[in-house]
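Residue numbers (my numbering), protein chains in the order written: chain A, 1 to 524; chain B, 525 to 1127.
Accuracy of the hints is not assured; some may be wrong.
As the list claims (entries may be wrong) - Covered stretches of chain A (chain B as the covering partner; in silico rule of three or more C-beta atoms under 8 Å from a C-beta of chain B):
#1 28-34
#2 51-61
#3 314-321
#4 383-390
#5 458-471
Hints were generated in silico from the structure; no laboratory data involved. We treat Cβ as the ideally placed atom computed from N, Cα and C, and that holds for glycine.
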Amino acid sequence: MTAIVTKTDTYDAVVIGGGPNGLICGAYLAKAGARVLLIERRHETGGGLNTDEYHGFRFNLHAIYHMMSDVMPAYRDLALADYGLRYVSPHVACAFPFKDGKSLVFTKDHDETVASIGAVSEHDADCFRRMWSEFAPMLDEYIIPLTYKLPMPVVDQVVEIGQNAVGERLNEISDLSPIEVLDEYGFTDPRVRMALLSFSAMWGFHLEDPLGYLYPVYLCRMVNSALVKGGSHRLSSSLYRVFVNNGGEVLDTSEVTAIHTDGDSGVRVEVADGHQFEARAVASTLNPEQTFLNLVGAQHLPDDLKFAVEGWEWEERTLFGLHLGIDGDVTFRHQEPRVNEAMIAFLGLETEDELHEHLARVDAGTAGGGEWVHVTVPSHHDRSMAPAGHQVVRAEQVVRYDDDWETGTGSFGDECLGLIEEHADLGRIVLRREYPPTHIEAKLHTMKRGSIKHGSYTNLQMGFNRPNDLCSQVTTPIPGLFTCGASNYAGGMIIGGPGYLGAKVVGEHLGLDAVPGTAPPGSG
Amino acid sequence: MTQATTVRPAVDPTTGEPLEKRSTYDFVVVGGGPNGLGIAAYLAKWGYSVCMLEARNELGGGAETAEPIPGYSIDPHAVYFYGAAGPALEQLDLASHGFRMSFIPNYGGCITHDHKAFFGGNTFHEPSMRDPEVYVELLGVDRDTAKMYLEFMEALRPRMRDFFRSIYWTPPYDESWNIPKSESPRRQGSAGLPADVRRRHARLVVHGNDGHALAARSDQGRPPRRLVGQRPAPVLEGDGTPRLACTQLQFFSGCSPVGGMHALAHALARCALAHGAKIHVNSPVSEVIVHDGVAKGVRVADEAALEEKTIWANMGVINGTHIKQFNDLVSSSHTTSSFRQRIDDLSLKGGSLFVANLIVNELPEYTDAPEKYEGINYPTGMALHCTTDALMELMRDVYTYRTHPTDPDHYISWFIVHGEHDNTRVRNPQGGHVITVNLQVPVPEDHRDGPDAVNKAKFEILDNIKSVLRHYAPNMTEDKYIATPINTPYDSEQRNMGFVGGNWMGMRQSEDEWWERKPLPELARYRTPIDNLYLCNQTSYPGGLCLNAVPYNLMHTLKEDYAEIEKTTPEWWYPSPWHITDEEGAAMSSPGASSLATSDEPG
């Protein structure tokens, strides 16, 4: 094998990991004039922004719904649209078709959504109107701007936020679990409650635990969410082009094997063939276990950091995907026509109790594949996702990592498909791929145990504590080493926050104004 | 559903206003396959503003790498990098854009139906490859022929790179020019060969099995008729030299890029981007805009991911698409009906490939000549069931369009054991190996059982491949397979619209569509009937194989056509020493010069 040849072995910054956050961090830094090398283990950059094409069908095997699409600062700062990024934002976001012919439909038009809820429960429609009227300003004034600011210690944040009524209310909501939020606003209808809990439950969150300010995010932003035209990978490739257009260098197919922190002038990064690169700043987007225990080495860590990293918790629930290529169309047989227009159709559950029971079975390892699934037909919204006359279907559900995926994947997929067929007429299935959580980890090693967010969202791992109180400011106790992946504040889910903050802090370290001091983004 | 969906427009990052349309460039390149990427990189590095538009979601065309099972990288189309002898690696400095190779000296091996094993490589270091008896035994040729072949190869070896460059990395000349054969680039490129060796070369008919079971056979003094060197290519008259070169290109390069073929596309794209090129995917082009016979830009299709519906080209438009798409891109009012008809008439009967990627948890343990594996491990290429007769049976089947094949005795399967040479291919924690199998099959359109004959038979073909493998390596039982993704010719076309008709080679590789006649005589120098519109696709000379040759050759033409490009020639550029310029060609065509054309030396 020929040796690695780069223009130099010394960089201003080396970014480890070419996922969304690594690319965002690298693109900002390169644009600000830094010499940046981005090292990616796989043959492609993009990380969870993965779109695989098989026989003309484009499968988003990992990330798909972009909740922060246009409010993500990188979208504007890096002029991603000019690099070919297009969001397709279906008017009907989510639909819950029920057996008795009723349904719940969440659209971008608030009044339409309220009317849909009203058809199931007038009382809950009022509750929803009140809840939404409180949530909307919370997002605009606090949650979205805070996503792109370094986290504050909890006490400071509560004081900072609680200076007006909206912020005070946000502080109150943040202490509540999703179930308690619904109680707070007085929701009573079991179907409405099931739907409103689904927006959190679909990502594996525990409904009994406080979610901080994430409950409003996952509700409001999901309704406003978008798909990337051509598949999620197009977001990463537009970032990649900004990066390379601005002089950034990419070294793919190269696994980082060590981070050496004993140098005088900087941190050195070693890759699989022994080649080393030195940089004034090394920004890792890997999870804390990889960055600190595997690459730096436990023996080189201060005790408090070692202790914090060893306590890192993976997510308890992960995802199972079923991907179909269909010759013909996909039509939901529900009397509500908008089910067929929805970006996501939630199938299988009717009430809140059923949702709780289902999640209990997931945790116990007894849930089947035909109980609860959410389905997207990306080609209904973006014809480029499948060949003419064909559709591509993406179904996903919450599962437990420790189930027997080695032998159980096929039958689990059968059950999942059975549930979809109960609700929809599918043309001829010409391609079918199951994507169990073991695949998530095998493809993207940083998502250990299928942890799509690099680690669970618990109070001890969120906000100022993500990944821990020593590293949440992007800096780490190790001079020259920075962290800015999904395991950093404000987490994963393609919100683009950690990479943006990484560029800001690393840029300051390098004496660059990498992140322009624009007004905090609003939700527009 | 379109009314219910909003597509967010491009906005200025600071004002939020719609972006000013930056839609004028020096050059617009249509198509982001290896050749389109190559010319974009050359032009961008030369200093021009370039906009590349790719219809598909991904760049790279046939230079693709996929990961159908997490942790296993496969190449569904192109597998080998043949372009090591070309200038582009140096000129575009691809290594500094992340391009790395896994060079393997032990390039090829084969096991015959009577269980003899042979190995060879780009150095001929394997004694068996220099022993005439090997060829006598392997292919049943007489000893003198075998010796002659070896003599020829020995003489050629030190001149190999120049020999290749004179064939591939030199623009073809205009066939109307009166070029004496002795002045032809390919003759010049092998000029250092002793005369008698060169004469023998002219008479050689080399039967190669995918380039690794080489043998030579004299053809009773008749001019060269057939030379088989490359899998998807037919056995046709007049392609002796390119066949031989192709075989040797494999030996010379003998390798794949680290990480997979797509690494080549990455490196070319990064080179273009690093020099300021703009690249858009999901952006099909519907039309080349022509005013008064001059290409002015392109119109992008309605579904393109661009606000701009027109991209203007100040200097030129480079068409990187298949020549068969030319008539769709250029309105019929700008070309003659006879020109269009001749494009429609171009034959696609070039042969195609069936690709099976075997993801296995154990490597084949061949029972034949196990000592051959000691110290050299697995060659990158391995042909099983390999004899001249079997190859000829397969060729006959394929080029009479009648089978896929179904008779296991006709199988010549070509195994490539990546995992042994590039440890980046397998990253799944459970380990394993990726073996690529290529099998020659007819082009779908011409299959006598209908265009989907191969698609219908694909699992049967896979079973036959497995049984051939198991015949030579009994350990390869069904439980050794983790997954077996298949790519039929039609699958290839579906992924990659450049493979028109499922044809890997673009077109038929025959005398009338080769050299200065490729794709048509008047298009040989990459120019078209439209001024400022140029061709840069594998359907131009010298074809595919990810050689980076078409873009390099095209630069010669562009330099002649644009005084500014000539004037700004950068230091890193060097032309082909065998290039015949328009001026020289015209001079040779003059009545006085034609008397030079006296040589009738064959070749």
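Evaluated hints:
no. : hint    : verdict
1   : 28-34   : violated (count 0)
2   : 51-61   : holds (count 7)
3   : 314-321 : violated (count 0)
4   : 383-390 : holds (count 3)
5   : 458-471 : violated (count 0)
In the structure shown, a violation is registered for the earlier hints numbered 1, 3 and 5, in ascending order.
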